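*Asks:* Starting from the known structure of chain A, arrange chains B, C and D on it as the hints suggest.
Residue numbers (this note's numbering), protein chains in the order written: chain A, 55 to 343; chain B, 55 to 343; chain C, 55 to 343; chain D, 55 to 343.
What the hints contain is simulated information worked out from the structure, not anything from laboratory work.
Check the hints yourself; a few may be wrong.
Stated by the list, open to error - The list that follows gives simulated cross-link-like pairs (lysine-lysine, DSS-like), each with its CA atoms no further than 30 angstroms apart:
(1) D/K198 to D/K302
(2) A/K155 to A/K198
(3) B/K302 to B/K155
(4) C/K302 to B/K187
(5) A/K198 to D/K187
(6) A/K326 to D/K302
(7) B/K311 to C/K311
It should be emphasised that the depicted structure is a prediction, and the values quoted were computed from it without experimental measurement.
Number of protein chains: 4
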Amino acid sequence: MSKPSSPQAVILISCPDQSGIISRVTDFISRNGGNIMDLDEHVDFNDHVFFMRVAWELEGFGISDDQIGTVFQQEIADRYQMDWSLHFSSHRPNMAIFVSKSAHCLYDILGRYQAGEWTVNIPIIISNHQRLKEVADRFDIPFKHFPVTPENKLEQEIQQLAILQELEVDFVVLARYMQILTPNLINAFPYQIINIHHSFLPAFPGARPYHSAHARGVKIIGASSHYVTEELDAGPIIDQDVVQISHKDDVPQLIHKGKDLEKIVLSRAVYKHLQRKVLVYQNRTIIFD
Amino acid sequence: MSKPSSPQAVILISCPDQSGIISRVTDFISRNGGNIMDLDEHVDFNDHVFFMRVAWELEGFGISDDQIGTVFQQEIADRYQMDWSLHFSSHRPNMAIFVSKSAHCLYDILGRYQAGEWTVNIPIIISNHQRLKEVADRFDIPFKHFPVTPENKLEQEIQQLAILQELEVDFVVLARYMQILTPNLINAFPYQIINIHHSFLPAFPGARPYHSAHARGVKIIGASSHYVTEELDAGPIIDQDVVQISHKDDVPQLIHKGKDLEKIVLSRAVYKHLQRKVLVYQNRTIIFD
Amino acid sequence: MSKPSSPQAVILISCPDQSGIISRVTDFISRNGGNIMDLDEHVDFNDHVFFMRVAWELEGFGISDDQIGTVFQQEIADRYQMDWSLHFSSHRPNMAIFVSKSAHCLYDILGRYQAGEWTVNIPIIISNHQRLKEVADRFDIPFKHFPVTPENKLEQEIQQLAILQELEVDFVVLARYMQILTPNLINAFPYQIINIHHSFLPAFPGARPYHSAHARGVKIIGASSHYVTEELDAGPIIDQDVVQISHKDDVPQLIHKGKDLEKIVLSRAVYKHLQRKVLVYQNRTIIFD
Amino acid sequence: MSKPSSPQAVILISCPDQSGIISRVTDFISRNGGNIMDLDEHVDFNDHVFFMRVAWELEGFGISDDQIGTVFQQEIADRYQMDWSLHFSSHRPNMAIFVSKSAHCLYDILGRYQAGEWTVNIPIIISNHQRLKEVADRFDIPFKHFPVTPENKLEQEIQQLAILQELEVDFVVLARYMQILTPNLINAFPYQIINIHHSFLPAFPGARPYHSAHARGVKIIGASSHYVTEELDAGPIIDQDVVQISHKDDVPQLIHKGKDLEKIVLSRAVYKHLQRKVLVYQNRTIIFD
Chain A
55 MSKPSSPQAV
65 ILISCPDQSG
75 IISRVTDFIS
85 RNGGNIMDLD
95 EHVDFNDHVF
105 FMRVAWELEG
115 FGISDDQIGT
125 VFQQEIADRY
135 QMDWSLHFSS
145 HRPNMAIFVS
155 KSAHCLYDIL
165 GRYQAGEWTV
175 NIPIIISNHQ
185 RLKEVADRFD
195 IPFKHFPVTP
205 ENKLEQEIQQ
215 LAILQELEVD
225 FVVLARYMQI
235 LTPNLINAFP
245 YQIINIHHSF
255 LPAFPGARPY
265 HSAHARGVKI
275 IGASSHYVTE
285 ELDAGPIIDQ
295 DVVQISHKDD
305 VPQLIHKGKD
315 LEKIVLSRAV
325 YKHLQRKVLV
335 YQNRTIIFD
Chain B
55 MSKPSSPQAV
65 ILISCPDQSG
75 IISRVTDFIS
85 RNGGNIMDLD
95 EHVDFNDHVF
105 FMRVAWELEG
115 FGISDDQIGT
125 VFQQEIADRY
135 QMDWSLHFSS
145 HRPNMAIFVS
155 KSAHCLYDIL
165 GRYQAGEWTV
175 NIPIIISNHQ
185 RLKEVADRFD
195 IPFKHFPVTP
205 ENKLEQEIQQ
215 LAILQELEVD
225 FVVLARYMQI
235 LTPNLINAFP
245 YQIINIHHSF
255 LPAFPGARPY
265 HSAHARGVKI
275 IGASSHYVTE
285 ELDAGPIIDQ
295 DVVQISHKDD
305 VPQLIHKGKD
315 LEKIVLSRAV
325 YKHLQRKVLV
335 YQNRTIIFD
Chain C
55 MSKPSSPQAV
65 ILISCPDQSG
75 IISRVTDFIS
85 RNGGNIMDLD
95 EHVDFNDHVF
105 FMRVAWELEG
115 FGISDDQIGT
125 VFQQEIADRY
135 QMDWSLHFSS
145 HRPNMAIFVS
155 KSAHCLYDIL
165 GRYQAGEWTV
175 NIPIIISNHQ
185 RLKEVADRFD
195 IPFKHFPVTP
205 ENKLEQEIQQ
215 LAILQELEVD
225 FVVLARYMQI
235 LTPNLINAFP
245 YQIINIHHSF
255 LPAFPGARPY
265 HSAHARGVKI
275 IGASSHYVTE
285 ELDAGPIIDQ
295 DVVQISHKDD
305 VPQLIHKGKD
315 LEKIVLSRAV
325 YKHLQRKVLV
335 YQNRTIIFD
Chain D
55 MSKPSSPQAV
65 ILISCPDQSG
75 IISRVTDFIS
85 RNGGNIMDLD
95 EHVDFNDHVF
105 FMRVAWELEG
115 FGISDDQIGT
125 VFQQEIADRY
135 QMDWSLHFSS
145 HRPNMAIFVS
155 KSAHCLYDIL
165 GRYQAGEWTV
175 NIPIIISNHQ
185 RLKEVADRFD
195 IPFKHFPVTP
205 ENKLEQEIQQ
215 LAILQELEVD
225 FVVLARYMQI
235 LTPNLINAFP
245 YQIINIHHSF
255 LPAFPGARPY
265 HSAHARGVKI
275 IGASSHYVTE
285 ELDAGPIIDQ
295 DVVQISHKDD
305 VPQLIHKGKD
315 LEKIVLSRAV
325 YKHLQRKVLV
335 YQNRTIIFD
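Isolated chain A (complex conformation) (with noise of 0.2 angstroms):
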């Protein structure tokens, strides 16, 4: 759905299921003038957790920008324990992109980048190589180069923390940085922190899955995109995708097909992402229409 033009807000809600949530929340946007354009909501009836999306046009709506919040969590948000976060359309994000060396990734987005595909600003992309430079440089970002040893690794990454925030990033893309991340790095960007992995999740977890696919003799292969959490290509699956494969495909050409799932794979999670379409709860995302 689309209707692009007017400035809209979204806010992303959870809190346990009770009757009258949606009536209430709804009730609270029509009562204030905001023309709802989009509501998706879920119920986890095991778990008794309500969740929702709704976005609304600005224009008319009663409430300037900065006091729905404050309003809607006297209102609304305090009566049903909610957790929420609010979003504007106005707001373009500051997306950083890690790197290695495969390129096929980093061509995707910036190319949609600059096709003006996404509302973001990439205001940086970091690398543990210099072999990407080049991308960077035909596309007017500033690259910077932290090679990663054991030793300096997490040194490298308070300088990199330091850059992205001084950058003022609201999400890092890992676009195959073949590098673990530590702690440090990841709870700075709770689930703010975008990888794709070149393996169909949990299947493949680590290391060279195209691989241990191939060994395995699977006859399909996939992608998966994620959060980036603590443990190692375990956090909430975002997206995944796959395509048929066969004995006839050795190692090199599972790692050619393989380029263009994890490209699309990936960059439809940062769509996504930058929608605001994705709630995270239990280790699992919540994808709204």
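*Replies:* The following block gives chains B, C and D in isolation, referenced to the frame of chain A:
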């Protein structure tokens, strides 16, 4: 989403879009003690039309089943010029099946029926050939043979219609029935006749789509389930799926591969229809989640 | 590819790779008056192993069926150290089915069987439960009930094996049979027992994969058909397929969606096995086109 | 399959089907000391036509590259009335790109080009608009602007053709070029112009397929890459793929989702073309594995 234990009501709504509808409908249910189990809505912003499906638990609901429609009409529907329909999970609909000579869709349906996958009765199987009577017999379903010629077609349909009405059939599934229905029968079951067509419509409507697909050299074949309307293979599409093929697949191989598609795509459509998740608007379907 | 009219022979070959094999084998067939209908080959360049499947028409072939193997061994196979197996389209193999309580795969197989999709006999259905006897009865297939406890398991398998041998069963299909076979039975049918596992292996082996998939929050679920080996769910994979799911799918919905996958993926594996299109090498399968 | 180290030759063959062809061709290669790396064949049993692709290592091959064709013609091709073409992996073909205003396919191609995924040169990008010149500049590819009007179309094409010939262009990729080529240009590059059409052909040929798809209410959209022939969107299909959509997807969303399909399907076709895995017969393609 499922919590199949207790009786539920489902209401399907469409009306001109305006502010406050969701709030009013959900308030109506909550206020009367109903617990909303599922809500999905959609707005067509080009035509300014609003669509909603709400399911709620009837246990403890303050209005008796036979009064819900009347009260809803007065309190809500009149004001918003709603088209709506109300359905109860306690009602087990009657489904008639029409077949010709191909057994695969019929076996798939009857297997699900016997295994209890669907909440439905099958009081009759109707065919223009005798061949599948043995299948009906295996599953103890009454079978009626109506040989059809150009001359007797209308007359046979009148008799078929009489049987459907006598058996209080709610909807009809054409499980590879190779006759074109006349408007007489179609209009007696508006958007209540589900057909499977063995191509990805609108490609290859009409006869022998696998032959046409082979001649055109497509790399995917498909199947489409749709409601039957007067224009052949042009009714609202409920579900579609495809499978990759290659130059190695001759017409018999396409037919072989297509069978799996046909039965899955038809059965998915029947299941959505049974769950009251389908609304038709402007010859298109809204499929609620 | 299909031209099913006349009797054919199929030979499956594997041997150390070297120059000239294809030429020698095809020359052997051509020289004796056989018309090659289908040829597919594969070379594993890492292990230097050559694989080939050739099908040819037997009409007018200069060697009688019962001599082909002997002559081929002397003229070709000895020289290239070939492993090979020879199959005739005129042979209708005996397939036993093992089931427990789930009916969907069994219905799918028996529907195909009755509709004549497969060239196979089904002399017996074996189960550790009584529940599906009624399905076997509907299709007039003998049904044997072998209740299994930890104590009697081995003994029951010995009796099952005796039946399989008495009925000259060629291969076995585990159509959601919820017992782990012992090596005794497995080794009596090397690469001749086809299982369906309800996950995209190697993810979620063992029990309750849908529960694990839900807990992990995956966005796709799958099914895998494979030959049974002594290590649980670790045998050579024949076919896999997946379906997209969402956070809305709870465990019962995953089970519902998975059923369609399971039956299609199992039946595709059986069909490939019947067509002699599967070769096993290093716990992987070569699936000839 | 891949073992990209040493130079290879590829021969594509089609001829009337008869016994012994495979044997003769493979013997020709083996006898001259060539090691077959890949062989795939296909027989069209309706038309009695035989197709084959063979790749072999040239190291140690007993015939020099420039003599292979002549010898093959005399020893093999004449006898079997073969159409054939011979290709060397050492040859790096020249590929021209035509674009209009949409950047996504162009970025995808240039990203692969720069990343070294394809063995190809791109000497020129031609467009009827100025908009994508900046993309060409970023990748240091010459860009020529040919504004096209109904009046100057033929004249512009003549100039385009002159450039293509001057640059010794081997084949042309229409990466969302929104002009219909005239027979003049098409016939200069028979089956050497690859187009991407943004629908699953033959559904929705011509202009605005996403609008048509939305109006028809399909549940899947697709993209098709094909060789350009004189009849619009009716040339031999090389690759197709689809993505599931829903009623929630309005036309802009279809366009957004379709972009990913278009670029992947186009690039897969280019890759197959580059690998010499495509043969055209009767307006269909044989795609060798």
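*Asks:* Run every hint past the structure and note whether it holds.
*Replies:* Hints and how they fare:
Restraint check: the Cα-Cα separation between D/K198 and D/K302 comes to about 40 angstroms, which exceeds 30 angstroms; the hinted pair is violated. A threshold of 30 angstroms between alpha carbons decides the hint, and for A/K155 with A/K198 the separation of about 14 angstroms falls inside it, so the pair holds. A distance of roughly 27 angstroms separates the Cα atoms of B/K302 and B/K155; the hinted pair therefore holds under the 30 angstroms criterion. The suggested pairing of C/K302 with B/K187 is violated, with an alpha-carbon distance near 40 angstroms, which exceeds 30 angstroms.
A threshold of 30 angstroms between alpha carbons decides the hint, and for A/K198 with D/K187 the separation of about 28 angstroms falls inside it, so the pair holds. Proposed proximity of A/K326 and D/K302 is supported: the alpha carbons are some 15 angstroms apart, at most 30 angstroms. Only pairs whose Cα atoms come within 30 angstroms are accepted, and B/K311 paired with C/K311 is accepted, the gap being roughly 20 angstroms.
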